[in-house]
Amino acid sequence: MIDAVLQTLLNGAASGGVYALVALGYTLVFSVLGVINFALGALFSLGGYVTYLLMGGRISANGALPGWGLPLGLPFTPALLLAALLTGLASLLVERLAFAPLRRRGAEPLLYLITSLGAGLVLVNLLQMLMGAEGYAFPATALAGLPDALQVAGARIRSVQVLLLAVCTAAVIALTLWLERSRSGRALKAVAEDATTARLLGIDSEAMLRLAFLLSGALAGLGGGLIGVSISLPGPYMGIGYGLKGLAVLVLGGLGSVPGAIAGGLLMGLAEALVPADASGWRDALAFAILFLVLLLRPRGLLGRRQVEKV
Amino acid sequence: MSAAHGIGAGAGPAATPLLELQGLVVRYGAVTAVRGLDLQVRPGELVTLLGANGAGKTTTLRAISSLVPVAAGRVLWQGVERTGCRTETTVRLGIGHCPEGRRVLSRQSVAANLELGAWLRRDRDGIAADRERCYTLFPRLAERRHQLAGTLSGGEQQMLAIARALMGRPTLLLLDEPSLGLAPKLVAEVMATLAELHRGGLTMLLVEQNAAAALEIADRGVVLESGAVQLEGPAATLRADAALRDSYLGAG
Chain Z
1 MIDAVLQTLL
11 NGAASGGVYA
21 LVALGYTLVF
31 SVLGVINFAL
41 GALFSLGGYV
51 TYLLMGGRIS
61 ANGALPGWGL
71 PLGLPFTPAL
81 LLAALLTGLA
91 SLLVERLAFA
101 PLRRRGAEPL
111 LYLITSLGAG
121 LVLVNLLQML
131 MGAEGYAFPA
141 TALAGLPDAL
151 QVAGARIRSV
161 QVLLLAVCTA
171 AVIALTLWLE
181 RSRSGRALKA
191 VAEDATTARL
201 LGIDSEAMLR
211 LAFLLSGALA
221 GLGGGLIGVS
231 ISLPGPYMGI
241 GYGLKGLAVL
251 VLGGLGSVPG
261 AIAGGLLMGL
271 AEALVPADAS
281 GWRDALAFAI
291 LFLVLLLRPR
301 GLLGRRQVEK
311 V
Chain U
1 MSAAHGIGAG
11 AGPAATPLLE
21 LQGLVVRYGA
31 VTAVRGLDLQ
41 VRPGELVTLL
51 GANGAGKTTT
61 LRAISSLVPV
71 AAGRVLWQGV
81 ERTGCRTETT
91 VRLGIGHCPE
101 GRRVLSRQSV
111 AANLELGAWL
121 RRDRDGIAAD
131 RERCYTLFPR
141 LAERRHQLAG
151 TLSGGEQQML
161 AIARALMGRP
171 TLLLLDEPSL
181 GLAPKLVAEV
191 MATLAELHRG
201 GLTMLLVEQN
211 AAAALEIADR
221 GVVLESGAVQ
231 LEGPAATLRA
241 DAALRDSYLG
251 AG
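Residue numbers (our numbering), protein chains in the order written: chain Z, 1 to 311; chain U, 1 to 252.
Chain U extracted, bound-state conformation (with noise of 0.2 Å):
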């Protein structure tokens, strides 16, 4: 399960993680969504986060944006607890969320979806060469620039919300569920996209459905069930586990 590949992050799997969570408890009111969880994504690592609806990996993903608030348990970051700072700042730190349901602004351009991504940088050449390269990551999207972003398809709103997120320059980017929705062939294309990321160092923990489809490219998997860690170990592992593939593969 490794390290860093590539640019970026350049630690062993000794180093400090990149994000920590530590016996994270989250409530809706009376339901407790995640109860204890314990997580570490090292820098450059893929990890993918399994389980049932339910399970708590949406939950997770808020909870490390500051989107719900934390009953109890620490968020780290970098070794720094970070528990319930305000969403600005997490996104300040350098977590990127592309989230459930790509949620893109409908009612603005492509090119203005991706400059609001950028929305906390000033750095003017650094965005326009990160802009110049979601455009070469996603071609589609580079013909569409001018387009109303809700006028996409279901995948290139994929493309696009993932192209955002990127556009902040995130040192960790959460995802949730990039698959949802998407055609099988599409499904294939942003795992492909994202495991070139992976490739290019960028870390990143995954929320996935399709476990199948994760496994084959992250480094690690953890399976969650109600709110908690069921099972967790090398992607290539769990994809020979056959409990696993019993409970979850067979569907995805």
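Here chain Z stands alone, though its shape is the one from the complex (with noise of 0.2 Å):
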């Protein structure tokens, strides 16, 4: 009993944990231009497959090259760590290509939305030609040096989801203290409060933007890789569901805010857990419920500032 109890804590927490990953990926855009970045669900699918490729995964038959893979295994954590930078830097094409174009011209806020849902589908498109549209599972041997599961409080857990709430909490603890404490993390706040005021100060704020982004597709990246390697890359269009449920946090934690993300993200999570195994499907009108309920009690989210704040 208590291990099925533990287990569906973690469970939640784990989940929570990168919905947290995918809410603060668009918080960081958000806070810094003021609107969602579309493309994020997409660039999460990229994360996932840039693992799979990184740790020596092969394509399918049914991709552009079958059976070919990267010249090199690495161990899952290298692996993760690249593909977040390499996804990180995927975002920053995607503001060169669907926002900055846009931004020079002065357009209205909503074109972005437009733009950048075109630029995911561009790069879930191509994810598809180059892989297939397939799922794609790690090898089991993806993480080798770790066991099974966990003995913890007398309660077997499953150490996969262990190591994802780990990683997330370090990420999320990482970017709370790169904002707070750092330089260049106040100067990116400090555009996201009054992006004039900063520029008289200095700081270069498409300098900082570009950051915003390419922090934000890290994220997404990290996200994508950890939801492959702990169940599996389900299909190109696997970040498109996650982007949704970051969207519902974001929104459910207070848009724009830092803490109401990972707080949002918690609770989502876990309440998605909570829901049994056999009445999965669900799940996510759940989560929908909760967050229709939250706004109606709350219309600024669960942490969310008097007006729409940033970061």
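It should be emphasised that the hints constitute simulated quantities derived from the structure, not laboratory data. Just so you know, even glycine gets a beta-carbon here, dropped at the ideal spot from N, CA and C. Keep in mind that a hint or two might mislead.
Computed beta-carbon distance windows for the label pairs [stated by the list, open to error]:
id	chain 1	residue 1	chain 2	residue 2	range
1	U	16	Z	78	42 to 48 Å
2	Z	126	U	142	53 to 59 Å
3	U	132	Z	174	28 to 34 Å
4	Z	73	U	143	56 to 62 Å
5	U	124	Z	65	51 to 57 Å
If you follow the hints, you should be able to join the two separate chains into one complex; please do so.
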């Protein structure tokens, strides 16, 4: 019994951690630019596939290059970190192609939603062209060093969920410390609060915006790699679902709030974990029911500020 | 009107102006906010830019910092044309800008605001020394250094905004209505601080609605009307000018 309870809580916290990563990805860009980057879900998929390839995974028969694989097989940790970095760079490319041209023309914020959604679809379809539409499982040896289960307080729990939660926690803590303590993190917060004043201090707001996109993409890539290794890669559209869930978490926690994104992610993950396995079809319904209820009671989200504010 | 006092730029009136605006024109859509403004600020001078609301004072400062595009005319910095350079470049050149409405970063601490004021500098020791100098100049900021800037009073926020601009170690400090919304006692305090900075050799261009207070500490005054110079001269002369007193000083 205690096994089941502990495992359920851990599962919830672990998927909640991934939702929080995605929500923080949205938050970073939203706080600086005031718009949602709808390509984030596609970047999540990309992170999963890049992690797979970096670990030596091969392309299936339906892919563009059947049987091809990278001539390297990195262990999970370096593969995950490198995939996060590469996804961050892809996010920079999304900024360059889908955001920068509009920004230079001073376009309506609504248009960014369309162009970023378009960029996301292009990315997902590229993945499908290259990798095929079917799912991929990471090799059983992906986490070779890790025992299958851990004994905690007399209960057996799956260790991959512990890994997931640990990586998410570390990423969230690192991001928070960076924002609060480092010079560049504070500069990003300054741009988020008041871009004009930040420029008057000599802060290059364009560079900070690119940094926000880089980090945001890296968080999504991290999430994709983690889900890939703990569950599998169900197909190029995997990230779209997580992207939507992250969006719900973003609104649930309060648009633009870092603690809100974290709290919202955990709440969503735990609530889903409480849905019994034989009713798992109701998971998404429950998630959005919670969102609906919270917004009825607190239109600003759990930790949202009075007006729409940022980081 | 005078030359540099004390440290800093030791140049006389004959030297190249630090900042020169030639025929500056700024438009917001169909509205022309500044129409053919000529202005010089020489090293060590404290020049005050006066005028009614909408006369183009703030726009002039925003054009100097490249926050708004210049439609025509030139901005020269130490004799070199810098019209339309990036805002970051103006800061790098030595133009500090303390904006209208203070604009402190309300969700960061006083200390973090000061640190961001020194964003382009890399001299740790110099930054630390300047921070202490700011705390000496504004002891109330030192007491509140760990507080969020948003929790400060209006007067304290103004002091923080000035201190933050000083942290960039500017050669020229642009100040946009530092007295706005402050109680008379605080206005006097802010003006006294600016006078002290001026005595230390800092060159300043001060935009003010409170003409009386500004002319008290300035070397020279320039009165704008509808985006062009209406009147200019030594501060002492302007203080004695009856017409000016009637149109602007009465209210101040």
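Now for the hints, and whether the structure bears them out:
| no. | hint | in the structure |
| --- | --- | --- |
| 1 | 16/U / 78/Z: 42 to 48 Å | violated (57 Å) |
| 2 | 126/Z / 142/U: 53 to 59 Å | holds (56 Å) |
| 3 | 132/U / 174/Z: 28 to 34 Å | holds (32 Å) |
| 4 | 73/Z / 143/U: 56 to 62 Å | holds (59 Å) |
| 5 | 124/U / 65/Z: 51 to 57 Å | holds (52 Å) |
Hint compliance for this structure: hint 1 is the single one not met.
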